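**Q** Line by line, the protein sequences are chains V and Y. Residue 96 in the numbering used here sits at position 96 of the first sequence, and the numbers go up by one each step. Residue 6 in the numbering used here sits at position 6 of the second sequence, and the numbers go up by one each step.
Check the hints yourself; a few may be wrong.
Claimed, not checked - DSS-like cross-link-like pairs, simulated, lysine-lysine; straight-line CA separation at most 27 Å:
#	chain 1	residue 1	chain 2	residue 2
1	Y	K373	V	K68
2	V	K15	Y	K367
3	V	K287	Y	K373
It is worth saying that the hints were derived from the structure and are not from the lab. The structure presented is a predicted model; accordingly, all values stated were derived computationally and were not measured.
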Amino acid sequence: MLQNIKISPSPHISKHHSTQSVMLDVIIGLVPAIIASLVFFRMRAGIVLASCVISCVAFEAVCNLARKKPNSLGDLSAVVTGIILAFSLPPSIPFWVCIIGSGFAIIIGKMVFGGLGANIFNPAMAGRCFLTACFGTMMTVWTVPATIDSAMPQVGTVSEAPAAITQATPLGLIKDILKNKPAPQDEKIKAVNGIFKNMVIGSTSGCLGETSALALLIGGIYLLIKRTIDWIIPTAVLGVAFICAFIACEIDPHHYVLPWIHLASGGLLMGAFFIATDPVTAPLTKKGMWIFGAGVGALTMLIRLVGEYPEGVMFAVLLMNSISPLIDRFTKLTPTGGMVNA
Amino acid sequence: MNTPGKLTFKGGVHPPDYKDLSSQCAIEAVSVPKQLAVMLTQNIGAICKPVVNKKDHVTAGQVIGSNDAFVSAPIHSPVNGTVKDIALQSHPVLGRAEAILIESDDTNQQKWPRADQFNVTFDPAHFLPEHIFDSVRKAGIVGMGGAGFPTSVKIKANPQSPINTIIINGCECEPFITCDYRIMLEWTIQILTGVSLISRALNCGNVYIGIEDNKPDAIAVFEKAIHTMPCASGIKIVAVKTKYPQGGEKQLIKSITNKDVPAGGIPPMIGVLVTNVATAAAIAEAVVFDGPLTHRPVTVSGSGIKTPGNFYAPVGMAAGELIELAGGLTDDAEKIILGGPMMGFAVADLSIPITKTCGAITVLAAKDIVKRKETPCIRCGRCIEVCPMNLTPTTIAHAVKHNLLDTAQQYYMSACVECGCCSYICPADIELSGFIKTGKILVARQKKLMPK
Ligand code: SF4
Ligand code: SF4
Chain V
1 MLQNIKISPS PHISKHHSTQ SVMLDVIIGL VPAIIASLVF FRMRAGIVLA SCVISCVAFE
61 AVCNLARKKP NSLGDLSAVV TGIILAFSLP PSIPFWVCII GSGFAIIIGK MVFGGLGANI
121 FNPAMAGRCF LTACFGTMMT VWTVPATIDS AMPQVGTVSE APAAITQATP LGLIKDILKN
181 KPAPQDEKIK AVNGIFKNMV IGSTSGCLGE TSALALLIGG IYLLIKRTID WIIPTAVLGV
241 AFICAFIACE IDPHHYVLPW IHLASGGLLM GAFFIATDPV TAPLTKKGMW IFGAGVGALT
301 MLIRLVGEYP EGVMFAVLLM NSISPLIDRF TKLTPTGGMV NA
Chain Y
1 MNTPGKLTFK GGVHPPDYKD LSSQCAIEAV SVPKQLAVML TQNIGAICKP VVNKKDHVTA
61 GQVIGSNDAF VSAPIHSPVN GTVKDIALQS HPVLGRAEAI LIESDDTNQQ KWPRADQFNV
121 TFDPAHFLPE HIFDSVRKAG IVGMGGAGFP TSVKIKANPQ SPINTIIING CECEPFITCD
181 YRIMLEWTIQ ILTGVSLISR ALNCGNVYIG IEDNKPDAIA VFEKAIHTMP CASGIKIVAV
241 KTKYPQGGEK QLIKSITNKD VPAGGIPPMI GVLVTNVATA AAIAEAVVFD GPLTHRPVTV
301 SGSGIKTPGN FYAPVGMAAG ELIELAGGLT DDAEKIILGG PMMGFAVADL SIPITKTCGA
361 ITVLAAKDIV KRKETPCIRC GRCIEVCPMN LTPTTIAHAV KHNLLDTAQQ YYMSACVECG
421 CCSYICPADI ELSGFIKTGK ILVARQKKLM PK
C-alpha cells in the first residue's frame with residue numbers, strides 16, 4: 001500500500017485558490033462595467049471588447065510558442081488585460097487599432113519582461129499609452145451613448161461619420177466650459193450637476209468602461225468583499241485625488257470643478273479599483289501600497305488640473321509603476337519584535 | 001474572562017480544522033508493542049548517549065540514555081524488555097538517527113494515564129522549587145508542543161531574567177489534532193496541578209491558560225476547575241481567536257500580553273514562559289509520582305485513516321502500529337505526516353517511531369492534497385499579509401531560489417518560524433516556506449564551511 005505514499009515539505013494543505021481564480025474574480029468584478037458598456041455603446045462596445053480580449057489571448061499564445069514556454073493562457077491574465085485595455089479605449093476605435101494596442105500590451109508590456117509577474121508596467125496601460133501616441137485623434141473621438149442619442153448609428157456606420165455623433169467627455173467638456181467660457185455661477189452649477197448624475201449612471205460619452213461610475217463601484221466593492229484586492233490602493237488613490245480636487249476647487253472655484261465630479265469620472269474609479277490594484281505592478285507592502293496609491297491619485301489630479309489632458313489615470317499609473325520597485329525597497333519590512341541575533 | 005476570540009496577533013490563516021474527526025474520541029491506552037525504537041535525539045540541546053548495552057534487561061521507567069549537559073533531557077524505557085540493539089533508525093527530520101531498540105517481554109502491559117489520581121486538594125507548597133526542577137529534569141520532560149526544549153531548563157528560576165508571566169498553551173491550532181483538547185477535558189486537574197507546580201518553581205503567580213475559542217467546552221471545564229481547586233484559583237483562563245498559528249509561542253504571547261518577542265529571540269527575554277498543556281500534565285506526573293516521560297497522547301487522524309482516534313502511546317512505538325490501532329490506512333491514503341498538515345513532516349516509512357514531541361500522525365488522502373504546480377509569483381502580497389513574523393516571504397524565497405543567500409538574509413530569513421502560512425495562502429502555489437527552510441540549511445552549511 002505504501003507505493004502511493006508521497007513526500008513533500010510542509011505545509012501539506014493549501015488554500016484552494018490559484019492565480020486563475022484570482023483573475024477570474026477580477027473578471028467577475030468587471031462584469032457590471034461590461035454590461036454598462038454594452039448598454040451604452042451597444043455593438044461598438046462588443047466589437048472593441050472582443051477584439052481586445054481575443055487578440056490579447058492570441059498574442060500571449062504566440063509569445064508562449066515563440067519562447068517555447070508552457071501555455072499560460074489558463075491563468076486568465078491575458079483576458080483581464082484585454083478587458084481593461086478595451087475599457088480604456090473610446091467606443092469608436094476601429095478593431096484593427098484594438099489589435100495593435102493588444103499586441104503592444106502583451107508583447108512589449110508583458111512578455112518581453114518574462115511574462116506574468118515579471119512585467120514592470122501595467123500591460124493594458126502600456127498598450128493604451130502606445131495607442132495614444134500613435135493614433136492620437138482616434139483616441140479622442142467620443143461617441144454619444146445610445147441612451148442619449150437613440151439614433152446612434154450601429155455597427156459599421158460609426159467610422160463613416162464619426163463627427164456627427166461625437167461629444168467631448170464630461171471632463172473635457174467641463175474643462176472647456178471653465179477655461180473658455182466663464183459662465184455665471186448658477187448656470188455652471190446646473191450644467192455640472194446634470195453631468196454628475198449622468199456620470200454616476202454612465203450615460204455620458206467616454207471610454208468604454210469608464211462611463212458608469214456605479215457599475216465600476218459595484219465591481220470594486222465585490223473585489224473588496226472577496227478580498228481579491230486590498231482596500232489600501234483604492235482608498236489612497238481616491239482619497240488623495242479628492243483632497244487635491246478639493247483644494248483646487250477651494251482656491252479657484254471658477255476654474256476647477258467640484259471634487260465629486262473628478263471622483264465620479266469613471267477613469268479614476270476604473271484606475272483605483274482595477275488598474276492601480278494590479279498586484280504585479282504595484283508594491284508588495286502595505287506602506288508601499290499607500291505611497292503608490294497616493295502617488296497615482298496625486299499625479300492623476302496634477303495632470304487633470306494643470307496638464308493639457310483631461311484624463312490622467314493612465315500616465316499616473318505608468319509613472320508610479322516605474323518606481324514601484326523603488327517603493328518596495330524603501331518600505332522593506334522588519335520582523336515582528338525587531339531582530340536579535342540568536 | 002476576556003471577550004472570546006478578540007485576542008489575536010497579526011497575520012495567520014484559517015485552514016479548515018477537521019477536528020470533529022477525532023474530537024469525540026477519548027484518549028485510549030494502548031497495549032505495548034512487541035518492539036520499540038526509542039530515539040536518542042528527542043530534545044533540542046545535547047543528544048543523549050546510551051547508558052545501557054545490547055542484551056541488557058530494562059524495566060519500564062529505567063533511564064536508558066542521558067547526557068550531563070545542562071540543556072538536555074534523559075530518555076527512559078517505556079516498557080519491560082531487552083535491549084535488542086542500538087542502531088540507526090529512520091527519523092522524520094534527521095533522515096536517520098540512533099535509537100535504542102527494545103523488545104518488550106510482556107505485551108499485555110498497558111500504561112494508563114494517571115489523570116484520575118490527581119485531586120483538587122493538591123498543594124504545590126509541599127514541593128520546593130529545586131525539588132520540582134530535579135523531578136522534571138530526571139523525568140526527561142521536553143516541550144511536548146513540538147519544539148522539544150528541555151523543560152527543566154525553562155522552569156529553573158534565573159535571577160538575571162525573572163519570569164513574570166506564565167502562559168500555558170492550550171491552543172491546538174494545527175488542523176486534525178485533538179489530543180491536547182482531549183487531555184484538557186479529561187486531565188483537567190492533572191494539568192492544573194502541573195501548572196501550579198510551574199508557578200511554584202518560578203515563584204510567579206501571573207498565570208494564563210490560553211485556549212482557542214473553538215474549544216468552548218475546554219474553556220468551560222477549566223473555568224469550573226479553577227474554582228474548585230484552591231491552588232489554581234489565581235489562574236486566568238483566556239479565550240484567544242481561533243487562527244493558525246495561534247499555538248506558536250510568539251503568537252500566543254502577542255495575543256495574551258500584547259508583547260512582541262524579538263525575532264530570533266526567546267520568550268524569557270521579555271519575562272515570559274510558555275509551555276503546553278501536555279507538558280504541564282507530564283510535570284504533574286513527574287513531580288507527584290516520580291513518573292518519567294515515557295508515554296504521550298497522540299492523535300491519529302486524517303482523511304486517510306479509517307477510524308481516527310486519540311491514544312496514550314509509548315514513545316518509540318512505530319507510527320505504523322499506531323495507524324493500525326486507528327483502523328489502518330484507507331485505500332486512497334497518500335501522505336503520512338508526523339505532526340499536523342501545516343508543520344508536520346511527511347514520511348514514507350511506517351517504522352518511524354513517535355517521539356516525545358510528536359503529538360499526531362496525520363494521514364491525508366488524495367482528495368485533501370492540493371496538487372501543487374508552481375506558477376509565477378503575481379506579487380499579490382498575500383504571503384506578506386499572513387506572515388506572523390512580518391517578513392517578505394516572496395522576496396526571501398525568490399532570493400533562495402536564485403542562490404542569493406545574502407539577499408535572503410537581508411530580508412531576515414532567519415526570523416522565519418516555518419509556520420507555513422505563506423505557502424498555504426500563495427495563489428501561485430509557490431512553496432515559499434520550503435524555499436526558506438532550504439535557505440536556512442544552506443546558510444548553516446555555508447557557515448560551517450567557512451571557519452572564522
Ligand atoms: S502569495 Fe505567492 S503570488 Fe502572492 S506575493 Fe506571495 S509568493 Fe507571490
Ligand atoms: S515566512 Fe516563515 S514565518 Fe512567515 S509565513 Fe512563511 S513560514 Fe511563516
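**Q** Hint by hint, say whether it matches the structure.
**A** Hints versus structure:
At most 27 Å may separate the alpha-carbon atoms for a hinted pair to count; K373(Y) and K68(V) meet this at roughly 18 Å. Between K15(V) and K367(Y) the CA atoms are separated by roughly 13 Å; this keeps the pair inside 27 Å, and the hint holds. With a CA separation close to 31 Å, the supplied pair K287(V) and K373(Y) exceeds the 27 Å bound.
The structure fails hint 3 only (numbered hints given earlier).
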